[in-house]
Amino acid sequence: MNDEQQEHVERLIAATFPTGAAVGAPSALRTAVLADVRRELRNQRWDRRLRRTAAALLVVGVGFNGLITLGFGGSHGPAALVGGPDRMQPSILATATAVAEATDAQTARQFARQLAVMRGRPMTEQDAAALEAALAEGIRHRNAG
Amino acid sequence: MELLGERLARGEESAFAELYDACACRLHRYAAARLGSADAASDVVQSAFLRTVKSRRRFASVENPEAYLFEIARNEIARRATRDAQQRETLLPAEEQLRAADDSSAEDAEIAAAALARLSADDREVVELKVFGELTFAEIGALLGQPAATTATRYRRALASLRGWLERQLR
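Sequences listed follow chains A and B, in order.
The first sequence runs 1 to 145 under this note's numbering.
The second sequence runs 146 to 316 under this note's numbering.
Because the hints were derived from the structure by calculation, they are not lab data.
Treat the hints with caution; some may be incorrect.
To be verified - The calculated DMTMM-like cross-link candidates involving lysine to aspartate or glutamate, where the alpha carbons are at most 20 Å apart (straight line), are: (1) 199(B) - 211(B); (2) 199(B) - 104(A); (3) 199(B) - 40(A); (4) 199(B) - 255(B).
If we strip away everything but chain B, and leave its shape as in the complex, we get (with noise of 0.2 Å):
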């Protein structure tokens, strides 16, 4: 059977379905943890697959066609977050744009996302790309340029250092 990155290069429409079918749910949601903002989100998916299509011969020598949609996406959200910064006079982390509600749980979130704010950017982008866009850590390994190993050990890291500061909040 041919490969998926064959059928996207040669143009196939259906491949592309696959293609989304297969991640853009969970493209989205890393996209919108990290924006904050679900429109923006659909902005990024969108833009990361017009992206795909206009250079879909290189999918003919990728491995991953997931793992290199993550990375279309990923560079779409870097140059949406420096224009974002550049156009806004104060830019609040996107943890802060959540609005508290009445219960318990809405709190619990607020300190979870102040004790994500607290991890280094490269820490914090692990840690969303594991969560929120659930790859592996080979595929989160390939996309940030470092060895699956080190990945898997800075996530448990940063999670065990989570864990401290969420329960000093939490108690």
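Chain A on its own, in the form it takes in the complex (with noise of 0.2 Å):
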């Protein structure tokens, strides 16, 4: 079969196309999907926003309970966590810090802050002083490996 007939055969296929169909996508058709792939695209990104959040606010979660236990436990009780020490308690932050670790430094700070007020302390210029030092040491202990 010699290639003007395998045209010729390739034609005859051809016109077997669906009488009354258009021949290729609608124009429609293109708007219909892009939509769809920017609405699939979209969920996805709230998807991954919400697992970080959800991860971040577990992790706040945990610190946070282990510094109620740790603040409640011997001959600390729940009047120390009202007008506490002068200084920001060692477990505030070791707490921030396993923050950072698994968030960012940002989402402990922010933690560590509302940690103080609900203490009844909000944080003092040293207190501030003193969870930037041990952010940086975290900082250096994780780049140290």
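Combine the two chains into a complex, taking the hints into account.
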């Protein structure tokens, strides 16, 4: 079979295309498909954000529970949470460092600030400096492997 | 320049638009030829693209995104065909859904459709992918899991068989 004969058969086959159907995708289909694509990509971005937020909340929750456990132990009672020691408790610093490892430094700072407020003693400049030093120490440990 | 596959894997919206513009028409023609309906073909194209977005990370390791999209569409067509066969008591082959017009070209089309139906399912699929999907033999071979040379031979043999039968019918 030569090329001409092959082309003839191909034309006949092409003619079997469903009667009345557009030769190719209708233009409305492009709009619908790309809208679907846009929606799905957006849903995937939301899913990622939700997963990250859930992970951060989990870490904060675990950290907070750890803090409560440490704060309520031994001679430290609930009163210790109100008008506590002059400097930020080491337990808060340790927990904030753990939060920073799991998420990032910014989240850890927010976490520490909120806990301090809940203790009835907002962070002082000295507390903030201690926190930054603890976070920097944590970063150095991580980078050292 | 970054490859299209990498951009698709990253979820770049414009990359999906590029992919659509590159092959949606051929994909739609192929699906319509297989399913006998433009509406069903549109559904297939839409479903195929949605699946590609959901599995977009695979594009990072795909050499030919268009051929990969055809593979997804092919699987979707097979699913629809199976579902339709289960739902209908009598399944008419796609070519029998063609309506005869009064002109002779439509009559030739019906005869050609009947000739296509005489091919084996595998040979017919190669012919449809080549004629309607406009894929290369290498792409068809990759899709069907066979060498390009085998695909080319199968195609030429199928056409030769069709030609012989058509000549007898159209005399």
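Each hint, compared with the structure:
1. The suggested pairing of residue 199(B) with residue 211(B) holds, with an alpha-carbon distance near 16 Å, which does not exceed 20 Å.
2. Of the pairs offered as hints, the one joining residue 199(B) and residue 104(A) is violated, with about 29 Å between alpha carbons and a cut-off of 20 Å exceeded.
3. For the hint pairing residue 199(B) with residue 40(A), the CA-to-CA distance comes to about 7 Å; that is within 20 Å, so the pair holds.
4. The hinted pair formed by residue 199(B) and residue 255(B) fails the criterion: a straight-line CA distance of about 39 Å is larger than 20 Å.
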